[in-house]
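Chain residues, written in single-letter form:
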Amino acid sequence: MPLITYREAIRHALSEELDRDPNVVIMGEEVAQFNGAYKVTEGLLAKYGPKRIVDTPISEAGFIGAGIGASMLGIRPVMELMFWSFYSVAFDQILNNAANVRYMSGGQINCPIVIRGPANGGTNVGATHSHTPENVLANHPGVKVVVPATAYDAKGLLKSAIRDNDPVFFLENTMLYGEKGEVPEGEYTIPLGVAEIKRAGTDLSIITYGRSVLYALAAAERLAAEKKVSVEVVDLRSIRPLDVDTVLASVARTHRVLIVEEQKPFASVGAQLAFTIQREAFDELDAPIHRVTTVDAPAIYSSPVEIEQLPTPNRVYLEALKVLA
Amino acid sequence: MSTKSTASSVTPQPEGAKGPGDPRQAPINARLKPADKIELYRTMVRIRRFEERSLRAYQAKKIGGFLHLYIGQEAVAVGCCSLMGPNDHVITAYRDHGHAIAVGMDTKPLMAELYGKITGCSKGKGGSMHYFDPSRNFWGGHGIVGGQIPLGTGLAYALKYKGLKGAAMAFMGDGAVNQGAVHEAYNLAALWDLPVIFVIENNGYSMGTSQARSSAGDLARRAEGYHMAWGVCNGHDVLEVRSVMNEFLQRAREQSKPAVVEIKTYRYRGHSVADPDRTYRDKSEIEEYQRTKDPINVYRTALITNKVFDEAAADQIDTEARAEADVAADFAEASPFPTADDIQKDVYWETDNPSQRTSGGRLFFT
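Chains as they are written, first to last, in this note's numbering: chain D, 107 to 431; chain L, -2 to 363.
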């Protein structure tokens, strides 16, 4: 199977869906002539032209709102946020209009929009550009939230997201854009809301998603080598819908849970997950659920400390030992 | 009336000058048959009687929440929506009852929505501020000041993308013009030549703050900063609304050009029924407008003067409108509320269409 980057996998998904459906439009800041701030959309303008690949002004409330309005009339806009951190200036459009319009119209209006872009810290750009809003987004019934960790998942999930009739928020990671993975050529989709066990194990379940999957896998290898511990790594892939069944089945196998997420701890995705696990698998647990999150402060600029503020393989390793103790 | 424009085909007129003659002589109005004129009148009366009936229901505690009444502004929605062709679309803010009736929605589900009943136009899930009827090209009904304006711009984007000769009318109040999202939408519409008319229904007050205390400069003239055409017209004269809006709508449909149109109007009631209306204007101001510029009286007098109908026929329309409002209230009263089982319906397309669901996992949580 060809090895391609996460960035290329997303581009392939966009290109295939542009070919498949004439109502798919790519919009965002610098997506066309500039070839994408992170080069995800590189070459698409040349291939599809300015009607399908549309540069917008720096005007997130305006263009995201326009995309939502266009989607109500049957266009399928795939909007790029240069950083998901900029969702705050389009908050009313994203979470009042896109999230609520189906409900408030009694089911008369659909909003088949995708908003995608990177949502991560660790890039030495300070607090304003390091938000991970998946918990905030997923707190709004009516929306779907997807956070792919690998190139293969990114392509298959994005294609499903574009075909979905509900608004889907697709959170990528600048630190993953260059990561290579095996991706088959041609058509495949991955359904939203289906987790994947990235590594099977029997002693501890690490429930995670996004870039933290890579750290969980690294920590799992170290735990196996140094402590002879068998760790299962469950990649949620999708936050809403959430594959609770796969999580609970893993808990039933290992009886110990560590949640790893690049989220601030208060009311995070992991907080919801921990509630659900204790509520539905209380008798399976042999230890309290632990979490590794971003250290609870705005994202620090200083590079070496910033790395420590986020989950790291070592932090995952140390916290896993506590769950296993 | 006056119209002004930059980079447009609309003839520039000096501010406050008379436009191209009497709006009655404008072709869009000259071609109205007596039945059409009576229908314009009837729609305005139906809106007013519907709202007066809804106010009584509110006072009787049949309706809760907010109730933003349109009374006094009827000629704006009726004039604008009477111009709609098959590819024209409407979106507005929370003072939306008039637009809903003007696009042809049945008043029974509109009243039932206010009562929070399952027979409401949004199944009791939207309320007064969130009426929708996409089958009539009516896209709401939006609660956040100015938040609907980017959506209206997107409707126009979709029309242009699909190559349809239509226009979107994105209505807002005078309070919305200071929201950032509105200016972002202006810029996009002008930058991309989108067929959208931004209609400012200027009733003089953004909630309890007068225009003089909230907005710098002229509202519609802000369009010049975006090289958009703009116009101003009186909103108490349904024919003037039609003649001015028709120019901009035709231009939008034919040339895919946006515009800002400020329609000067007035609301008789408070911002919402929760507004005691004692702090920011004098009662005499309301009475003066009612006496001289009430849109229904002005048109009624004109139609009687022009022998389109007589007093008795006008009164008959009024009687019928009151009866219709009562029927709507009776329908709402008799209708059931949604049940707790309805709370999680209409959230996701997928859960409402389970046989076509492609995703796995849970979409709802406890």
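Incorrect hints may have been included.
Claimed, not checked - Here are some chain L residues the structure puts well away from chain D; computed CB gaps all over 10 Å:
no., residue
1, A32
2, Q56
3, I88
4, P131
5, S132
6, L148
7, L188
8, D272
9, D274
10, Q287
11, N294
12, I314
13, D323
14, D343
15, D349
To be verified - Partial pick of chain D residues on the chain L-facing surface, computed with a CB cut under 10 Å:
no., residue
16, I170
17, L179
18, M210
It is worth saying that the hints were derived from the structure and are not from the lab. Predicted, not measured: the structure shown is a model, and the values here were computed from it. For each residue, glycine too, the CB sits at the ideal point set by N, CA and C.
Non-interface claim for L/D272, where every Cβ of chain D lies beyond 10 Å: About 23 Å separates L/D272 from the closest Cβ of chain D, which puts it past 10 Å; holds.
10 Å cut-off, C-beta based - L/Q56 kept clear of every residue in chain D: holds, 25 Å
Separation of L/A32 from chain D, once the least beta-carbon distance is taken, above 10 Å: holds, 31 Å
Distance rule for L/D323, whose beta carbon must clear each one in chain D by more than 10 Å: L/D323 is indeed farther than 10 Å from all Cβ atoms of chain D, at 24 Å.
Hint status (Cβ of D/L179 to nearest Cβ of chain L, threshold 10 Å): Holds: closest Cβ of chain L sits about 4 Å from D/L179, inside 10 Å.
Chain L contact restraint on D/I170 - CB to CB distance below 10 Å: This interface hint holds because 7 Å falls under the 10 Å limit.
Status of the hint placing D/M210 at chain L (closest C-beta pair under 10 Å): holds, 4 Å
10 Å Cβ clearance of L/I314 from chain D: holds, 31 Å
Distal placement of L/D349 relative to chain D, Cβ over 10 Å: violated, 6 Å
Verdict on L/D343 as a residue remote from chain D, using beta-carbon distances over 10 Å: violated, 4 Å
Minimum Cβ distance from L/L188 to chain D greater than 10 Å, as the annotation requires: Non-interface label fails for L/L188: nearest chain D Cβ at 7 Å, not farther than 10 Å.
Least C-beta distance between L/L148 and chain D, which was stated to exceed 10 Å: Since the minimum Cβ distance to chain D is about 4 Å, L/L148 lies within 10 Å and the statement is violated.
Checked against the numbered hints given earlier, this structure breaks hints 3, 4, 5, 6, 7, 14 and 15; the rest are met.
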